[in-house]
Amino acid sequence: MRTLPLPDATAASPSAQERRGPMRPGRLLSTRKRLQGRAVAWLFRAGDAAAMAAVSLATSTLAPGQTQAAFHLLSAIAVLAALGLFGAYDFRRSEGVRLHLSRVAAAFLAGAAGALAAYVPLAMRSDIGVAARSWIPLALLVVTILHLGWWLCVRRWRANGRLAPNIVVVGATGAAERLIAAALDRRQVNILGVFDDRAGRAPGAIRGVPVLGDTKALIDHRIMPYVDRVVITVPPRATARVAQLIERLRVLPNEITLLLEGQDQPAEAAAISRAEDVPLAYISGPPADALRPIVKRAQDLVIGVLALLVAAPVMAVIAALVRLDSPGPVLFSQRRHGFNNEEIVVWKFRTMRADAADATAARQVRPGDERVTRLGRVLRATSLDELPQLFNVVKGEMSLVGPRPHAVGMKTGDVESARLVTEYAHRHRMKPGMTGWAAIKGSRGPVDTPESVRVRVALDVEYIERQSLWLDLYILTMTLPCLLGDRKAVR
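Counted from 1, the sequence shown has number 641 at position 464 by this note's numbering; the numbering is strictly sequential.
No lab work stands behind these hints: they were computed from the structure.
Remember, it's a predicted structure, so these values are computed and weren't measured experimentally.
For each residue, glycine too, the CB sits at the ideal point set by N, CA and C.
Among these hints, one or two may not hold up.
As the list claims (entries may be wrong) - For lysine to any residue, the following SDA-like pairs were computed, each having C-alpha atoms within a straight-line distance of at most 20 angstroms:
1) K210 / I400
2) K210 / K572
3) K572 / L212
4) K572 / S510
5) K473 / W219
6) K618 / V632
7) K525 / V507
8) K572 / E519
9) K618 / L657
10) K572 / L485
11) K525 / R551
12) K210 / V571
13) K393 / D374
14) K572 / V487
15) K393 / L429
16) K525 / T550
17) K473 / R643
18) K210 / R512
19) K618 / E563
20) K525 / L552
21) K572 / E520
As the list claims (entries may be wrong) - Ranges between beta-carbon positions, derived for each pair:
22) I471 / R399: 27 to 37 angstroms
23) R474 / A235: 25 to 35 angstroms
24) R399 / R378: 18 to 28 angstroms
25) L325 / A488: 39 to 49 angstroms
26) A223 / R548: 44 to 54 angstroms
27) A533 / I423: 36 to 46 angstroms
28) L501 / R222: 48 to 58 angstroms
29) A493 / L325: 49 to 59 angstroms
30) D502 / A231: 54 to 64 angstroms
31) A235 / I471: 26 to 36 angstroms
32) V428 / A216: 23 to 33 angstroms
33) A533 / R631: 21 to 31 angstroms
34) L325 / A294: 20 to 30 angstroms
Construct the entire structure; sequences and hints are all you get.
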């Protein structure tokens, strides 16, 4: 796990501590490595469902029969639906434990009442009475205990930075100072730094949070893979400046929001509260389908582990052949951009001479490239050299399907590829993949012209906007025939 450790307090100089600011966690975890709010919320839902199933099984011995079993099932479904409708899985930062448990109890009773209403014609029957008297109190007790545990877990994860969103602020304004003051008071979000194009006139820090430079420094800053959201705080009348900032920052994969300075106090207070009080179910951005990242991760784990088991003998043979073909290590590692611009180490079978390895992709592979070994040409033509990336998939650094990861600092000609297309970083809004929409649409191999970079980025962004389980399965199905049928792409 790649983190940025906090220097020991006894060894760090005061100036170093001041540069870090009062809200920077001891360890900065990338967005990918931190707990995802939606995944946690769905895990809690699954826990509640399992608990109510266990309660139903336990109480069925007290009131056996099909009618009672149907009542238990209907009650469980009604309660789970009510818990969702009442926001019991939001775990808002401003919500204390008493308020949360009250919300849970109200949702439970509403759901149970709905289930009983469905049994009005049978309400006088003794078996229904027994079922209700046994199931409702026990299920309510169990769900209450569970949600007390969920609430304590969420509070702890937010306190140690596992769930607290990391924010940077653009604009050293009064609104920025009030946002930082609120964050310092409640400690529910981490504001890592402030950036302002007028850095020469801006203070060195705002309430201890350091001013780290201008927007150019923001775009290239090493903390950005750890940032969930960029908050722009500017006067509302500065429309040209707002548009300029948004245009300049749109190259980032991070979420961007506005907090306008100079609003009336209630409106500004509400905006600051919204910036802090993000429901657990909505942490890390608002995709159309909250289940999508969970389904995609499950897909990667199931198919990735099975693929590793099937490919293990082939990988062993390739490793032996690489060793026999040319001197040097079997595997080649390269630092590439992952989710949210995080740098990850991607593994491949070595296909070049060891003395000609190009870890930065400063020179992309060309037809007849003398650096590629005899075996390497075969491995590249069949993409078998990329089989070790299954380990990256299982670890969670990559997906089976997604934009292909490009090397950090990769160049197209003499220009860094990332500077050729404004939306280049948008392809990092999803984990990189072993294959992808661009691969089956003909954009394979090196991107050695500005036009090829634009085509690759456009296809990657199109995939991110359309991504679904069925599209992923289609891409996986089409990958092999597309690769084997392509004799033009240099790989």
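These are the hints, each one checked on the structure:
1. K210 / I400: Measuring from Cα to Cα gives roughly 14 angstroms; hence the hint holds.
2. K210 / K572: holds (10 angstroms)
3. K572 / L212: holds (15 angstroms)
4. K572 / S510: Roughly 15 angstroms between the alpha carbons, so the hint for K572 and S510 holds.
5. K473 / W219: Since the Cα atoms of K473 and W219 sit roughly 14 angstroms apart, the hinted pair holds (cutoff 20 angstroms).
6. K618 / V632: holds (10 angstroms)
7. K525 / V507: At roughly 9 angstroms apart (the allowed maximum being 20 angstroms), V507 and K525 satisfy the hint.
8. K572 / E519: holds (14 angstroms)
9. K618 / L657: holds (13 angstroms)
10. K572 / L485: holds (12 angstroms)
11. K525 / R551: holds (16 angstroms)
12. K210 / V571: OK: K210 and V571 at ~13 angstroms, within 20 angstroms.
13. K393 / D374: holds (8 angstroms)
14. K572 / V487: holds (18 angstroms)
15. K393 / L429: holds (11 angstroms)
16. K525 / T550: Measuring from Cα to Cα gives roughly 14 angstroms; hence the hint holds.
17. K473 / R643: holds (13 angstroms)
18. K210 / R512: holds (17 angstroms)
19. K618 / E563: holds (19 angstroms)
20. K525 / L552: holds (13 angstroms)
21. K572 / E520: OK: K572 and E520 at ~14 angstroms, within 20 angstroms.
22. I471 / R399: 27 to 37 angstroms: holds (29 angstroms)
23. R474 / A235: 25 to 35 angstroms: Roughly 32 angstroms apart at Cβ, these two residues keep to the hinted range, so it holds.
24. R399 / R378: 18 to 28 angstroms: Given about 25 angstroms between the Cβ atoms, the range holds.
25. L325 / A488: 39 to 49 angstroms: holds (45 angstroms)
26. A223 / R548: 44 to 54 angstroms: holds (50 angstroms)
27. A533 / I423: 36 to 46 angstroms: holds (43 angstroms)
28. L501 / R222: 48 to 58 angstroms: holds (53 angstroms)
29. A493 / L325: 49 to 59 angstroms: holds (50 angstroms)
30. D502 / A231: 54 to 64 angstroms: The hint (54 to 64 angstroms, Cβ to Cβ) holds, given that D502 and A231 are roughly 58 angstroms apart.
31. A235 / I471: 26 to 36 angstroms: Given a distance of about 29 angstroms, which is inside 26 to 36 angstroms, the answer is holds.
32. V428 / A216: 23 to 33 angstroms: Check passed, 28 angstroms falls within 23 to 33 angstroms.
33. A533 / R631: 21 to 31 angstroms: With Cβ atoms ~29 angstroms apart, the hint holds.
34. L325 / A294: 20 to 30 angstroms: Check passed, 28 angstroms falls within 20 to 30 angstroms.
In the structure shown, no violation is registered for any of the earlier numbered hints.
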